[in-house]
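Peer 1: Residue strings, one per chain:
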Amino acid sequence: MNIFESITSAAHSVLSNRMRSILTMLGIIIGISAVIMITSIGQGMQNTMNEYFAEFGAGTLIVNMRQNAANPATRRDMLTIESMEFLSNHPDVSVVSGGSWSNARVQLRNPTETTSLFIIGTDENYRQAQNVDVRFGRFLASIDNERAAPVIVIDSTLAREIFGRTDVVGETIRVTFWSGTIDFNVIGVYRNADPMAGMFGMSTEAYIPISYFQRLFNRDNVVDQVLVIASDLNRLDETAEEITRLLHLFHGNEDRYQVTTIMQQIDMLNNILFMVTGFVVLVALISLAVGGIGVMNIMLVTVTERTREIGIRKSLGATNGNILFQFLVEAMILTASGGIIGIFLGYYGGFVLGGFMDLTPAVNIPTVVFTVLASSLIGIISGVYPAYKAAKLDPIVALRYE
Amino acid sequence: MIIQIENLFKVYRNGSIEVTALRDVGFSVGIGEFVSIMGQSGSGKSTLMNILGCLDTMSGGKYFLDGEDVSLIHGKKLAQIRNRKIGFVFQSYNLLPRLNALQNVELPMIYAGTRGKKRRAAAMEALERVGLAERVHHKPSELSGGQKQRVAIARALVNSPAILLADEPTGNLDSRSGEEIMSIFQRLNREGVTIVMVTHEPDIANHTNRIVAFKDGRIISDELVKNPVQAGGQK
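Heads up: the sequence lines are chains L and S, in that order. Under the working numbering, the first residue of the first sequence carries the number 3, and numbering increases by one thereafter. Under the working numbering, the first residue of the second sequence carries the number 733, and numbering increases by one thereafter.
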C-alpha cells in the first residue's frame, strides 16, 4: 500500500464525514489563524515603530536623571537650562534640546467638551532632535523662549478635532492645567507620524516655550529630559559616556545621569512588544493544543466506530503497520487542512485587523513554516494513540464488533 | 496437502473458567477438495474456521498451510499469509460500506501491493467470474444479499489464494440466493479452487464433496458425499 493510496483513502473517509471533520478542524483553524494573525500584527507594529524611530535620526541621545528612594535627588542634581548650555559647547555635540512635560486638557469646539493633551515645554532645537514635521506656520523659535510667550504648536489631528480643519495658525486654544487655564496662540501645526498616536487612548503632544512652561509650574530653570544630537554617528557610545562624565562634572555629583541612544530605546520597545506578542501567541498555542485534543478525541471515536472495518481490513491482509498508517494519515489530513485554512484566515484576518488599527501587518515566513510544522506535529501526536489502538485490535474481536 | 492439522487445541480462558472449544482435532484438506464442516452452534466449527483463516491463534497443536507451519508465524508475515494464501467469505459479507463493489474487490490487492490498471483489471475479472460485471460501481447498500456475497467471493478470489474459506456463506440468504452461491462455489471448485465451508444446514453441506462433522470440539465423522447435489440456475 503506497503513500498516495493511503492519502486518497484517508481524504475519502474525512470527506465522507464532512460536518464532523469541519468541526474537528475548527479547533486547529482557530489556533493556527490566531498565531498567524497575532504575529503578523505584532511584526507590523514593530515595523512601523522602527520606521518611525528611524526618522528621529539615529544620532539622538536621551539624557535622564536617575533617582530612587535609596538615592534621592537634590535640587543640585536636577538637569537645567544651564546643563544644556554647558553640553552644547562640547565638540562631540551638534545640537542640544530639552524639555519638561505635563498632562493637560484642551477645550473642543463644543465648550463643554475637552480632550487630553500632553504639553511639552521645549526650545527651537527640539524640532531637529525629534524630527517634528511642521506643516503650517512654524515651530518654536528662540524669541518665543526669550519672551516666554503663550504660543503653542499642535498636531493636525487635534487641530481638526478643535477647528474642523488643519491650517489653524493664528487661532487661540484654551488649555487647562492643574495650575490654571491659559489661552494659547497657535503658531504651528505639525503632522503626527507616531504610529501609536491615538492608540491605547494616548493623547497627542503639543509644544510650548520651555520658559513659559517653567513659569507656569514654578520650575525655575529645571528640565525633565535633555536631548543631544551627536556630531559623529560612529562615536555614539563614546559621546554618551562623555556626556555622562561632563554632567557629573558640571553638577558635582556621581552616578546620577543615564544616557541612552535611540537605538537602545528601540530595542527596549521591541523587547516589550516581543514579550507581549509572545505571551498572546502562547495563549493561541494553548488553544491549538486544545484543538489537538479535539482531533485525538474524534480519532478515538472514529477508531471505535470503525472497529469492524479494521477487522475486515486485517482479515484481508492489512498489517498492523497498514492500519496504523491509515489512521495516522487521517489525523494528519484533518490537522494539515485545518492548518492551511487557518493560515489563510490568519493572513487575511491580520489585514482586516490591521486595517482597523491603521497599520500594515507583516506575515513572516518562519511563522508560517512553524505553524505548518506545528499542525502536522499535532496531527501526529493526536493521531498516534488512536491509530496505535486501531492497529493493535485483535482481528477476530474486531470482526465480531457490532 | 493444502491444509494439515495435527492435535489442534483451542482453550478460551475467561477469568478462572476454561472452555475448551477444540480438542485434539486432526484433519487435512487436499488440493481441489470441496469440504464442508458441519456441526451445531457451539460445536467449535467457527473457531476452527477462524484458526484456519489465521484470524485466531491456537492453544496447542500444528497447522500447516500450503506447507508452512502457521503456528510459528506472527505479525506482518501472518498478515501476508491472510492476504496471499487465504480467501475468506463471511456470513455477513463484511464489505466496506463506503466503497463500491470494484473498490471492495481491490482491497486485498492494495495490501498485496498490486497497482493501477493491473489491479483494476484483476478486480473486474474477479467480478465477472461471479457474474457481477454490470454492478461494479454499486455500493453494498445498493446490492441484494446474494449480490453482496458474490462481491465477497470475488474479493476472496482476487489474490488467487491457496484456499477459499467460507463461514456460513448462505446463512443470511434466502434459499434461492443460497443456491446461486453454491453453484458459484461448485463452478470455482471445478475450475480448481480448494474450498472449505462451514455450515449447519445439511442441504447446503450436500453440495460439497466431503463432510466433516463436529460435536463438542471434536470430529465425530469425516465422510465423502456420494452424489453431491448440483446447484442449478447459474447466473
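Hint data in this document are derived by calculation from the structure and do not stem from the laboratory. Treat the hints with caution; some may be incorrect.
Listed next, the in silico DSBU-like pairs over lysine-lysine satisfying Cα-Cα at most 35 Å (straight line) [said to hold, decoys possible]:
| # | chain 1 | residue 1 | chain 2 | residue 2 |
| --- | --- | --- | --- | --- |
| 1 | S | Lys-809 | S | Lys-849 |
| 2 | S | Lys-958 | L | Lys-394 |
| 3 | S | Lys-817 | S | Lys-958 |
| 4 | S | Lys-817 | L | Lys-391 |
Facing chain L, from chain S, some residues (calculated, C-beta under 8 Å) [said to hold, decoys possible]:
| # | residue |
| --- | --- |
| 5 | Gly-758 |
| 6 | Asn-782 |
| 7 | Tyr-843 |
Partial chain L-side listing against chain S, Cβ under 10 Å, derived [claimed, not checked]:
| # | residue |
| --- | --- |
| 8 | Gly-319 |
| 9 | Asn-324 |
| 10 | Leu-401 |
Computed from a predicted model, the values in this text were never measured in an experiment. Don't be surprised by glycine CBs; every beta carbon is placed ideally from N, CA and C.
Peer 1: Which hints, by number, does the structure contradict?
Peer 2: 2, 5
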